[in-house]
Amino acid sequence: MATKASRSAARLMMAPAVILLLGWMLVPLTMTVWFSFRTYLPLRGGDQGWTGFDNYVRFVTSSSFWPAVTTTLIILGSVLVITIVLGVLLAILLDQPMWGQGVVRILVIAPFFVMPTVSALVWKNIFMDPTNGLFSHLWRLFGAEPVSWLSDAAIPSIVMIVSWQWLPFATLILLTAIQSLDSEQLEAAEMDGASPLSRFAYITLPHLGRAITIVVLIQTIFLLAIFAEIFVTTGGAFGTRTLSYLIFQRVLESQNIGLGSAGGVYAIILANIVALFLMRIVGKNLDN
Amino acid sequence: MGQISLNQVTKSFGDVQVIPPLDLDINEGEFVVFVGPSGCGKSTLLRLIAGLEDTTSGNIAIDDKDATALPPAKRGLAMVFQSYALYPHMSVRKNIAFPMKMAGIDEASQKAKIEAAASALNLTDYLDRKPGQLSGGQRQRVAIGRAIVREPAAFLFDEPLSNLDAALRVGMRLEIMELHEKLKTTMIYVTHDQVEAMTMADKIVVLQAGVIEQVGSPLELYHKPRNRFVAGFIGSPKMNLIDGPEAQKHGAATIGVRPEHLSVSKTEGLWEGTVGVAEHLGSDTFIHVHNTGLVDMMTVRITGDIEVRHGDKIYLTPDSTQIHKFDAQGLRQE
Amino acid sequence: MARAVTTQRKAINTTFAWIIGLLIFFPILWTILTSFKTEAQAISDPPIFLFFDWTTENYSTVMERSNYGRFLWNSIIIAGGSTILGIMIAIPAAWSMAFVPSRRTKDILLWMLSTKMLPAVGVLYPIYLLFIQLGLLDNVYGLTFILMLINLPIIVWMLYTYFREIPAEILEAARMDGAGLKSEILYVLTPMAIPGIASTLLLNFILAWNEAFWTLNLTAAQAAPLTAFIASYSSPEGLFYAKLSAASTMAIAPILIMGWFSQKQLVRGLTFGAVK
Numbered sequence: 001m002a003t004k005a006s007r008s009a010a011r012l013m014m015a016p017a018v019i020l021l022l023g024w025m026l027v028p029l030t031m032t033v034w035f036s037f038r039t040y041l042p043l044r045g046g047d048q049g050w051t052g053f054d055n056y057v058r059f060v061t062s063s064s065f066w067p068a069v070t071t072t073l074i075i076l077g078s079v080l081v082i083t084i085v086l087g088v089l090l091a092i093l094l095d096q097p098m099w100g101q102g103v104v105r106i107l108v109i110a111p112f113f114v115m116p117t118v119s120a121l122v123w124k125n126i127f128m129d130p131t132n133g134l135f136s137h138l139w140r141l142f143g144a145e146p147v148s149w150l151s152d153a154a155i156p157s158i159v160m161i162v163s164w165q166w167l168p169f170a171t172l173i174l175l176t177a178i179q180s181l182d183s184e185q186l187e188a189a190e191m192d193g194a195s196p197l198s199r200f201a202y203i204t205l206p207h208l209g210r211a212i213t214i215v216v217l218i219q220t221i222f223l224l225a226i227f228a229e230i231f232v233t234t235g236g237a238f239g240t241r242t243l244s245y246l247i248f249q250r251v252l253e254s255q256n257i258g259l260g261s262a263g264g265v266y267a268i269i270l271a272n273i274v275a276l277f278l279m280r281i282v283g284k285n286l287d288n
Numbered sequence: 289m290g291q292i293s294l295n296q297v298t299k300s301f302g303d304v305q306v307i308p309p310l311d312l313d314i315n316e317g318e319f320v321v322f323v324g325p326s327g328c329g330k331s332t333l334l335r336l337i338a339g340l341e342d343t344t345s346g347n348i349a350i351d352d353k354d355a356t357a358l359p360p361a362k363r364g365l366a367m368v369f370q371s372y373a374l375y376p377h378m379s380v381r382k383n384i385a386f387p388m389k390m391a392g393i394d395e396a397s398q399k400a401k402i403e404a405a406a407s408a409l410n411l412t413d414y415l416d417r418k419p420g421q422l423s424g425g426q427r428q429r430v431a432i433g434r435a436i437v438r439e440p441a442a443f444l445f446d447e448p449l450s451n452l453d454a455a456l457r458v459g460m461r462l463e464i465m466e467l468h469e470k471l472k473t474t475m476i477y478v479t480h481d482q483v484e485a486m487t488m489a490d491k492i493v494v495l496q497a498g499v500i501e502q503v504g505s506p507l508e509l510y511h512k513p514r515n516r517f518v519a520g521f522i523g524s525p526k527m528n529l530i531d532g533p534e535a536q537k538h539g540a541a542t543i544g545v546r547p548e549h550l551s552v553s554k555t556e557g558l559w560e561g562t563v564g565v566a567e568h569l570g571s572d573t574f575i576h577v578h579n580t581g582l583v584d585m586m587t588v589r590i591t592g593d594i595e596v597r598h599g600d601k602i603y604l605t606p607d608s609t610q611i612h613k614f615d616a617q618g619l620r621q622e
Numbered sequence: 623m624a625r626a627v628t629t630q631r632k633a634i635n636t637t638f639a640w641i642i643g644l645l646i647f648f649p650i651l652w653t654i655l656t657s658f659k660t661e662a663q664a665i666s667d668p669p670i671f672l673f674f675d676w677t678t679e680n681y682s683t684v685m686e687r688s689n690y691g692r693f694l695w696n697s698i699i700i701a702g703g704s705t706i707l708g709i710m711i712a713i714p715a716a717w718s719m720a721f722v723p724s725r726r727t728k729d730i731l732l733w734m735l736s737t738k739m740l741p742a743v744g745v746l747y748p749i750y751l752l753f754i755q756l757g758l759l760d761n762v763y764g765l766t767f768i769l770m771l772i773n774l775p776i777i778v779w780m781l782y783t784y785f786r787e788i789p790a791e792i793l794e795a796a797r798m799d800g801a802g803l804k805s806e807i808l809y810v811l812t813p814m815a816i817p818g819i820a821s822t823l824l825l826n827f828i829l830a831w832n833e834a835f836w837t838l839n840l841t842a843a844q845a846a847p848l849t850a851f852i853a854s855y856s857s858p859e860g861l862f863y864a865k866l867s868a869a870s871t872m873a874i875a876p877i878l879i880m881g882w883f884s885q886k887q888l889v890r891g892l893t894f895g896a897v898k
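Here the protein sequences line up with chains A, B and C, keeping their order. For the first sequence, counting from 1, position 145 maps to 145 in my numbering; every step adds exactly one. For the second sequence, counting from 1, position 122 maps to 410 in my numbering; every step adds exactly one. For the third sequence, counting from 1, position 35 maps to 657 in my numbering; every step adds exactly one.
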């Protein structure tokens with residue numbers, strides 16, 4: 001649907017974006033892969049040559065690997081369950097007729113716009129601090145011993161902070177999906193004698209299926225990479241070291257670039273597996 | 289100015305050839321209508337002339353200069369689109385001024401031309417409105433105004449009336465015809481509506497599957513359709529086409545009789561049938577006749593009214609001077 | 623939805639929704655309130671909700687002590703610069719994909735998206751190394767460039783979905799009216815896409831403003847934006863809740879306001895058009 005002239009103009013105009021992203025992808029990726037096959041300790045002797053797959057083996061056999069995997073999966077799974085379940089309920093609630101709907105929506109969405117370092121710090125100090133935090137006041141009010149949240153219950157605390165940040169995202173997308181449901185479908189089901197519960201189970205929920213999948217995939221990609229929340233609150237201590245935090249520590253803290261890069265390659269492969277599913281959904285959507 | 293000729297033009301999208309080699313000459317000042325069923329390539333042909341699509345091979349010349357490789361902006365043509373394609377963020381004034389702004393015409397002459405176009409098209413009161421605040425007919429006039437100020441070698445219209453309701457369509461049709469009378473500029477008009485084609489054109493180009501079936505004046509097409517396709521396409525209601533023994537009596541594979549060339553009697557006639565639906569328009573009556581043994585259904589048009597009921601027996605007689613004969617290939621026989 | 627609901631039912635919905643809404647918003651509200659307390663009142667037990675001695679002292683302290691203006695300025699430069707740069711690169715690309723689609727357009731779009739999925743930690747060291755080599759470490763422009771690259775796929779993608787809603791006939795009309803490519807994009811496409819471009823700008827400004835991996839790892843004293851400045855509060859001395867709250871409020875307030883304006887577009891931007 002176009003002329004040769006416009007097609008060549010199109011190629012030209014696409015070039016900067018394509019070249020930049022190609023560079024952004026290929027240059028660091030190649031370097032990471034290259035480093036991952038070398039013993040490279042910038043502070044302790046520099047590049048000490050080729051080691052084959054040693055780094056890959058060492059990364060997965062190190063004592064911190066499996067705990068990191070477990071932590072990552074626990075945080076990921078918990079946050080996904082919490083945000084999706086609460087998100088669906090909240091979306092349905094917000095879809096009901098009420099006064100001040102716009103304002104409630106704004107209140108619910110707000111946490112998503114708070115920068116991660118701020119929300120981590122505010123939760124860490126103002127809420128979860130064992131002596132001055134609001135929770136400790138609350139616990140004492142009921143005569144209970146205040147909890148040292150970020151050391152004694154570190155993973156649940158982080159799950160809570162991250163869920164608070166991502167619940168708005170899930171709610172907003174699910175709400176949008178609910179609102180796109182043709183109300184005549186629900187009315188037809190009502191005429192057919194379906195109860196509110198079966199209307200939800202047979203019509204609303206299947207309609208939300210795609211949106212839920214998208215929320216799961218997008219959140220997974222972002223949650224696998226959460227950084228600031230851990231960096232600010234526990235610094236990876238108390239069992240909160242996720243896979244990406246482990247890689248970060250290997251690279252920047254212990255400056256073992258080879259090992260960290262091997263971990264990085266694992267992370268990239270993992271993210272790509274998730275991304276592949278997301279791409280398929282998005283790609284299908286492009287066809288319509 | 290405004291003479292366009294297409295020489296062996298073809299167009300393919302990928303492997304699909306939508307326009308096989310095609311020759312066409314459009315003379316200066318002519319009102320040419322491209323007509324055909326949807327998907328026949330008429331819009332593609334217009335877009336090739338406009339330069340919005342490349343030709344796959346062949347040449348397009350505008351005023352004897354080769355324009356095949358020229359971008360649309362340099363061809364000196366103006367186009368009115370089906371959706372009007374007005375710039376929604378600009379006022380009517382700015383919409384009309386846009387081609388002149390692109391051409392670098394000074395503000396004073398722009399203003400004069402806008403005023404002139406606006407008064408010719410009854411848009412003077414709406415110059416400062418946005419397209420969104422106008423009715424369909426007004427939008428159409430703005431689109432035409434934008435085309436006029438360009439003083440093009442030819443106007444191209446791509447189904448410009450199909451988004452208007454029936455009443456407005458007739459009015460706009462007249463306005464476009466009057467505009468043509470006044471400007472005497474070449475106009476190429478694409479439509480799938482054969483009534484528009486018949487009423488507006490100096491010359492009709494009937495297309496099917498990218499092939500020109502016939503080029504001629506409306507009455508030539510009506511009286512001497514070159515083949516079965518044109519015979520069936522031009523005229524409303526459609527021509528009755530009869531195959532088989534009845535056609536062989538006339539030495540043809542197919543004969544065609546227009547509904548208005550059949551006379552009706554309740555007592556006697558050449559062909560016998562029963563009345564199906566009768567559409568009474570007051571001025572005319574269309575009768576659908578079944579069970580003639582010739583075709584499934586035959587349409588008859590009678591001037592004035594006639595008292596017939598569903599199921600009545602009826603006799604039809606064709607006007608023997610108005611029978612069209614076609615051979616086995618569907619081509620006209622004289 | 624076109625159905626009457628009893629007032630009672632509506633009242634129940636309203637109460638319920640407001641309670642939950644306020645609960646979710648509470649941490650932000652509490653932070654804002656705390657920022658106006660004295661440090662002593664900020665940690666008082668039992669906590670004081672509203673009836674404290676309102677003061678703006680924390681704000682002036684934060685501004686004076688920590689060179690807050692510089693961090694704020696860095697945030698603005700990095701978020702604004704990366705967004706504007708991204709838009710300038712993305713508009714022509716999105717035009718190409720929306721109006722001159724080819725068989726590869728879909729693949730290119732998906733590929734661009736896949737670069738967005740690249741885990742930052744996987745390429746941390748190479749970028750770190752390149753930044754050292756190029757002298758870009760702790761440099762505002764280096765960070766601006768990185769954030770532009772990170773958000774470029776989203777910008778291209780959002781613009782693409784907006785552009786696709788513009789009828790191609792209007793651009794063709796411009797071509798017929800004698801407009802060249804530059805005029806077509808400048809005078810016709812861009813003004814028509816202003817709402818879409820604005821929401822793209824807004825969302826990407828927000829994303830860049832809140833970005834907290836590269837901003838923490840590639841900056842030190844010079845180029846640190848607000849994310850890094852706030853993170854520096856994580857190991858403070860003495861009483862500081864009120865000041866932390868004041869600093870936090872200042873860092874999130876502009877974004878909260880922008881975010882509220884862009885909530886509708888947010889969905890489209892973050893799901894790459896898969897949910898509308």
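Quick caveat, the hints were computed from the structure, so don't treat them as lab data. C-beta: ideal position from N, C-alpha, C; glycine also. A couple of the hints might just be wrong.
Keeping only pairs whose Cα atoms sit at most 27 angstroms apart, straight-line, the calculated DSS-like set for lysine-lysine is [said to hold, decoys possible]:
1. B/Lys389 / B/Lys418
2. B/Lys512 / B/Lys399
3. A/Lys4 / C/Lys886
4. C/Lys804 / B/Lys401
5. B/Lys491 / B/Lys401
6. A/Lys4 / C/Lys728
7. B/Lys537 / B/Lys362
8. A/Lys4 / B/Lys399
9. B/Lys601 / B/Lys537
10. C/Lys886 / A/Lys284
11. B/Lys353 / B/Lys389
12. C/Lys728 / B/Lys362
13. B/Lys353 / B/Lys472
14. B/Lys418 / C/Lys728
Quick list of simulated restraints, FRET-style, between CB atoms [claimed, not checked]:
15. A/Leu138 / C/Ile634: 25 to 31 angstroms
16. C/Ala633 / A/His207: 23 to 29 angstroms
17. A/Leu12 / B/Leu569: 57 to 63 angstroms
18. A/Arg11 / B/Lys382: 54 to 60 angstroms
19. C/Thr637 / A/Arg58: 16 to 22 angstroms
20. C/Ala820 / B/Lys389: 20 to 26 angstroms
21. B/Glu316 / A/Ser180: 52 to 58 angstroms
22. C/Ala820 / A/Thr131: 43 to 49 angstroms
23. A/Thr131 / C/Ile641: 37 to 43 angstroms
24. B/Leu569 / A/Arg11: 23 to 29 angstroms
25. B/Leu507 / A/Leu12: 50 to 56 angstroms
26. A/Leu12 / C/Trp733: 14 to 20 angstroms
Against the structure, the hints come out as follows:
1. B/Lys389 / B/Lys418: holds, 18 angstroms
2. B/Lys512 / B/Lys399: violated, 49 angstroms
3. A/Lys4 / C/Lys886: violated, 38 angstroms
4. C/Lys804 / B/Lys401: holds, 25 angstroms
5. B/Lys491 / B/Lys401: violated, 30 angstroms
6. A/Lys4 / C/Lys728: holds, 20 angstroms
7. B/Lys537 / B/Lys362: violated, 57 angstroms
8. A/Lys4 / B/Lys399: Not satisfied, since the Cα-Cα distance of roughly 36 angstroms exceeds 27 angstroms.
9. B/Lys601 / B/Lys537: The hint holds at about 24 angstroms.
10. C/Lys886 / A/Lys284: Holds, at roughly 23 angstroms.
11. B/Lys353 / B/Lys389: holds, 25 angstroms
12. C/Lys728 / B/Lys362: violated, 32 angstroms
13. B/Lys353 / B/Lys472: It holds: about 21 angstroms lies between the C-alpha atoms, which stays within 27 angstroms.
14. B/Lys418 / C/Lys728: At roughly 35 angstroms apart (the allowed maximum being 27 angstroms), lysine 728 of chain C and lysine 418 of chain B break the hint.
15. A/Leu138 / C/Ile634: 25 to 31 angstroms: holds, 27 angstroms
16. C/Ala633 / A/His207: 23 to 29 angstroms: holds, 28 angstroms
17. A/Leu12 / B/Leu569: 57 to 63 angstroms: holds, 59 angstroms
18. A/Arg11 / B/Lys382: 54 to 60 angstroms: violated, 32 angstroms
19. C/Thr637 / A/Arg58: 16 to 22 angstroms: violated, 58 angstroms
20. C/Ala820 / B/Lys389: 20 to 26 angstroms: holds, 25 angstroms
21. B/Glu316 / A/Ser180: 52 to 58 angstroms: The hinted range 52 to 58 angstroms holds for glutamate 316 of chain B and serine 180 of chain A, with Cβ atoms some 54 angstroms apart.
22. C/Ala820 / A/Thr131: 43 to 49 angstroms: holds, 46 angstroms
23. A/Thr131 / C/Ile641: 37 to 43 angstroms: Between threonine 131 of chain A and isoleucine 641 of chain C, where Cβ atoms are some 29 angstroms apart, the hint is violated.
24. B/Leu569 / A/Arg11: 23 to 29 angstroms: violated, 57 angstroms
25. B/Leu507 / A/Leu12: 50 to 56 angstroms: Hint holds: Cβ distance 52 angstroms, inside 50 to 56 angstroms.
26. A/Leu12 / C/Trp733: 14 to 20 angstroms: The hinted range 14 to 20 angstroms holds for leucine 12 of chain A and tryptophan 733 of chain C, with Cβ atoms some 19 angstroms apart.
Of the hints listed earlier, those the structure fails to meet are numbers 2, 3, 5, 7, 8, 12, 14, 18, 19, 23 and 24, in rising order.
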